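Colleague: Sequence:
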Amino acid sequence: MAGETDARSLTRHRLVEQVYGAIFSEITEGRLPPNTRLIQDELADAYGVSRQPVQQALLLLRNHGIVRDAPRRGLVVAPLEASFVQNLYEVRGVLEGLTSRLAAERNPARAGREGPPLVAAGRAAAQTGSVAELIAADIAFHRFLGEIAENPIIVETAAPHFNHLRRIMGEVLREDETMPARIWDEHAAILEAIAAGDAETADRLSRQHIARAATVFVERLRAQEDAFAEEAKSRRVRR
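According to full-length UniProt numbering, the sequence shown holds residues 1 to 239 in order.
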């Protein structure tokens, strides 16, 4: 009996994870834009599941800051705020710089051996223009650097950021076709420095890479915020 209970619990847990992933993918790929109302019955019908896993998945998404409560509307997709992205990337710049420095000091040979296929995969994704493939390749590259840095505290600290990073990248990459090639040129340069054991250069290039990305993302989000504010102002005037 205990085994059956454990199996059912595991099945429910996996179903919640699958629903979570499905909703999150729709958000990152733009099919559920910011401020979209999330109705449990509609989501359950769309995914062919009961309301319970949808409810649990939405609670997890709310806990992770991906969706939020809205007055008289229930749960909606949380907008990305420029100030949050700025703060996130300030922290990420420090973490990525340290990660690359440690990787260069501890595992340059492994970086040179296992890193190039990851860069090749990223460049291939840039050619296809698939946002989902680009995000997956980017995360795989940075997780690899975290692995070869051999500092589990960095990995644990960075892990909660990845969902937000997926959202941010999805928002911008859908609109900027030239950015992916630049990103992977920068990744290749970072990897080259790590493989050469040049910790100083790897650190510097990683911080610059994150700073440039932050500038693009924050400027894009601020422009969107200004446009939304102007639209809201126009609606109030018309009333």
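Since the hints were derived computationally from the structure, they do not count as laboratory data.
No experiment lies behind these values; they were computed from the predicted model shown.
All C-beta atoms, glycine included, are put in the ideal place defined by N, C-alpha and C.
Any given hint might turn out to be false.
Claimed, not checked - Derived CB-CB ranges, DEER-like: (1) Pro-33 / Gln-55: 19 to 27 Å; (2) Thr-157 / Phe-228: 15 to 23 Å; (3) Ala-121 / Arg-31: 44 to 52 Å; (4) Ala-109 / Phe-228: 32 to 40 Å; (5) His-13 / Thr-36: 45 to 53 Å; (6) Tyr-47 / Ser-234: 33 to 41 Å; (7) Gln-55 / Ala-109: 47 to 55 Å; (8) Gly-129 / Ala-46: 33 to 41 Å; (9) Ser-234 / Ala-140: 20 to 28 Å; (10) Phe-228 / Arg-51: 28 to 36 Å; (11) Ala-223 / Ala-109: 40 to 48 Å; (12) Ala-22 / Ala-140: 27 to 35 Å; (13) Ala-121 / Phe-228: 20 to 28 Å.
Colleague: Against each hint, give a clear statement of whether it holds in the structure.
Modeller: Consistency of the hints with the structure:
About 22 Å separates the C-beta atoms of Pro-33 and Gln-55, a value consistent with the hinted range of 19 to 27 Å. Checking the proposed 15 to 23 Å range against Thr-157 and Phe-228 shows it is violated: the Cβ atoms sit about 32 Å from each other. Remark: the range hint 44 to 52 Å for Ala-121 to Arg-31 is contradicted by a beta-carbon distance near 24 Å. Judged by the Cβ atoms, the range 32 to 40 Å given for Ala-109 and Phe-228 is violated: they are separated by roughly 50 Å.
Range check, His-13 to Thr-36: Cβ separation about 26 Å, and the 45 to 53 Å hint is violated. The hint said 33 to 41 Å for the Cβ distance between Tyr-47 and Ser-234, and at roughly 37 Å that hint holds. Between Gln-55 and Ala-109 the beta carbons are some 49 Å apart, a value that agrees with the proposed interval 47 to 55 Å. Distance hint check: the CB atoms of Gly-129 and Ala-46 are about 26 Å apart, inconsistent with the given range 33 to 41 Å.
At about 43 Å, the CB distance of Ser-234 to Ala-140 disagrees with the hint of 20 to 28 Å. For the pair Phe-228 and Arg-51, the supplied restraint of 28 to 36 Å holds, since their beta-carbon distance comes to about 31 Å. Taking the beta carbon of each, Ala-223 and Ala-109 are about 44 Å apart, inside 40 to 48 Å as hinted. Taking 27 to 35 Å as the suggested C-beta distance range, the pair Ala-22 and Ala-140 does not conform, at roughly 21 Å.
Take Ala-121 and Phe-228: their Cβ atoms lie about 36 Å apart, and the range 20 to 28 Å is violated.
The structure is inconsistent with the numbered hints 2, 3, 4, 5, 8, 9, 12 and 13, although it conforms to all the rest.
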